[in-house]
Amino acid sequence: MKAARKVLGVALPAAWLAPRAALPAAVLLILGLVPVYAAATGDAFALTLFGRVVILAIAAVSLNLIMGYGGMVSFGHAAYLGIGGYAVGILWKEGFASGFVQWPVAIAVSALFALVVGALSLRTRGVYFFMITLAFAQMVYYVAQGLDRYGGDDGLTIGSRSSFAGLVDLNNATQLYYLCFALLLASLFLVSRLVNSRFGLVIEGARSNERRLRAIGISPFRYKLVCFVIAGALCGLSGALLANHTNFISPAMMYWTRSGDLIVMVILGGLGSLFGPVLGTVTYLLLEEALSRVTEYSGLFLGPALLLVAIFLHGGIEGLLGAGSRD
Amino acid sequence: MTEPLLQVAGLTKRFGGVIAADAIALDIAAGECHAVIGPNGAGKTTLIGLLAGELAAERGSIRFDGRDITTLAVHSRSQLGLARSFQITSLFADFSALDNVALAVQAHAGHSFHFWKDARGEAALREPAMQALEAVGLAARAEARVDRLSHGEQRQLEIAVALATKPRLLLLDEPMAGLGPDESARMVAMLRRLKGDITMLLIEHDMETVFALADRITVLVYGRVIASGDPLAVRADAAVREAYLGEQDAHHG
Amino acid sequence: MLYFIEQCLNGVQLGMLLFLLAAGLTLIFGIMDLVNLAHGSLYMLGAYFAATFAAFTDSFVLGALLALVATAICGMVLEVIAIRPLYGRPHLDHVLGTFGLLLFFNELVRLIWGPAGMTLSLPSAMLTAVQIIPGLYYPLYRLVIILVALAVAALLYVVVMRTRLGMLIRAGASNREMVGALGVNIKLLYTMVFGLGATLAGFAGLMQAPILTVQIGMGENILILAFVVIIIGGIGSIRGAFVAAIIVGLIDTLGRAFLPDVLRSMLSVNAALTLAPAISSMSIYMLMAAVLVFRPEGLFPAASR
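From first to last, the protein sequence lines stand for chains A, B and C. The numbering used here applies: residue 2 is where the first sequence begins, and numbers increase by one. The numbering used here applies: residue -3 is where the second sequence begins, and numbers increase by one. The numbering used here applies: residue 827 is where the third sequence begins, and numbers increase by one.
No wet-lab data here; the hints were simulated from the structure. Take these hints with a grain of salt, some might be off.
[What the hints assert, rightly or not] Here are the computed lysine to any residue pairs in the SDA-like style, where the Cα-Cα straight-line distance is at most 25 Å:
1) Lys162/B x Leu68/B
2) Lys162/B x Phe222/A
3) Lys113/B x Pro25/A
4) Lys162/B x Asn210/A
5) Lys113/B x Ser193/A
6) Lys162/B x Ser209/A
7) Lys191/B x Arg231/B
Everything numeric in this text was worked out from a predicted model, so none of it was measured.
All chains, full assembly: derive it from the sequences and hints.
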């Protein structure tokens, strides 16, 4: 199962080359070709739509890390989208338009918030953890609402995207898209290393049987906390990307229903599988988009669809594909 | 005379109005196999819980290797060399047998804040794990997922996981529970091989096993120690016969 | 001082509303082990039904009664169709499913009643203020809310503690398999409990409608507060929900009322203006965090499961 094979001189895990890898590969390929399509057909909306998909997929990947692999169901993950976004927005407003300043700050503040929330919340579990993460996210939401200088409830339009001293021009939609896509690939790669490392096995062990983990001599708390911080930081990056993508930040980015959206995307794709969150995000957002073209009341169909998935589909979409073992 | 590896004094635990452990005193010398027997509800599993650190004692002390571990957390006790197998199998169900044991090896190989290297490819973890599996006779089932193993194999795996932490003291909570005659015999043989190398505290109902393995026996009834010492002496003790062995003779097939 | 008392009463009033919502939520979670994100939707439906029926019948009271019935029916139908398949599932399935229901109801309300929201007016008899202590006039309707909610709380206590249904509820909360084994119709029991929770939620929704709001998404805002209440009070405990609801109501209201002034006296005007609303809203969450640190099971934990 863990044997590696060499492709073009690069050792890849054998699982990546299995037939079951066909769907993720196809999806990645399509996502990668969107700008080509957009350029060819002049359909700029495709870039906007799929850009959002890619960016939120990063957020979903980060949530899957703690939820799918770690068993920590956080209902406050959208807070990091907001924190990352607001870092970019606030810094821009105060005159710091450089991405070299904005993005590290976005990641650092997100990590810090995750550290505090995690330290307080990880003492609880199950529904309590769920609700306390929700409450902390709402706290950030209210703080953002109170920030009159940065738009308050109405939000703030960001005049220019993060600048990277000419290395890449984010005002060029295609470049922004490819940067986001590259970051998604990087995130997937990082997570794949993480979950197979010693650290990852402890995290999965903590999800699987915490009592057993303690009995063999590991205290789960510090590992879960680090995992939580990593996920928060990654999601903060996603928030920074989102702020650039939409040129806009508002408290709505972190309203708890957005956290719910993220949870749905992760579950739809299949918990605890590497590629599941990407599949789930693609499915959820495209479904939402398709429905909104057909009807003005997409929720009427999306809602029951989610209920049906909850009732009938175990393991989400990847589960349907028969994903048994973990990558 | 060297200090006993495990010294328990006055250990007391209440659950509401029930006294589950009543001033238990117990000594185990290094290399000894010490059995704890008693009727159901005598407090044997409570004792293991107290020794392992899952339960907090109200009174009393536990000294391990000269150190007071009475208030130490579960994982810290494991790091000191105290390993425990569970009465009701408690493993990582969606991992393979080898993964389970390797994680135990990993737990005692420094910290686990390693984020990059593939842990399943680390020989330093996999090889000792395979050895532990071989020791319990599960080498052939290394790659099987735990929830696909038979009950008997899971019990063996419990022991392997405990052994992988290189313990000084092994707390065995009814290792034979639910095993058939062949599997039981294998388990007894394996425990016999371990005797002398590893100190053991064995909770067990099966009297033949107890008398075959134990160097000393403690008898618990309603949380109190009513007898402790040489197996033959315990067998002959009138109070013990009345409280426990008498019943056993009646029910034992 | 009078202002303080007035704000305390407002806090108690908010607490009563929260209690109604939280009681249902904690019952449903305690007995059926179900995480219900759509609970706020029933609260919203109560308000919308009341506004509609009151306009139709030209009577606030009649509209309210009809709304209660309608919400109860909706709740029970919902339970049979959508909630039943979720029992016994991992909580995550509940989250997914009830989140879907939440989206559905928001959209349904938008379809039926439009996006603009509604108003519910009080009968003119209620539009007065009552002098409860010399010098302090307090709106009659708010007093009514407090008293009616207290009456409901008392009724709930009687039902849960003294009736057969209540006994089944309490038994089910500690051991649902046993109750089923005893031959009780568990399905019916669950439907009734869910219906009870829905009615309480709808009741809270319609009670607050004249003074607060009737609009889409109103359930989400208050649902979070209800979650905080049950965490602080202890999941499964109605008594805990009652105490915690009052505490949360008081802290939130008093915080919003007095914190800006307190801050202004300590910080610059600008800083106070910026921080005050944020900190006032945060105060409840900080309380919740404190409870979770020092007493994770809540203040009055129900029997362990």
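Hint check:
no., hint, result
1, Lys162/B x Leu68/B, "holds (19 Å)"
2, Lys162/B x Phe222/A, "holds (24 Å)"
3, Lys113/B x Pro25/A, "holds (24 Å)"
4, Lys162/B x Asn210/A, "holds (21 Å)"
5, Lys113/B x Ser193/A, "holds (11 Å)"
6, Lys162/B x Ser209/A, "holds (23 Å)"
7, Lys191/B x Arg231/B, "holds (21 Å)"
When each numbered hint is compared with the structure, no violation occurs for any of them.
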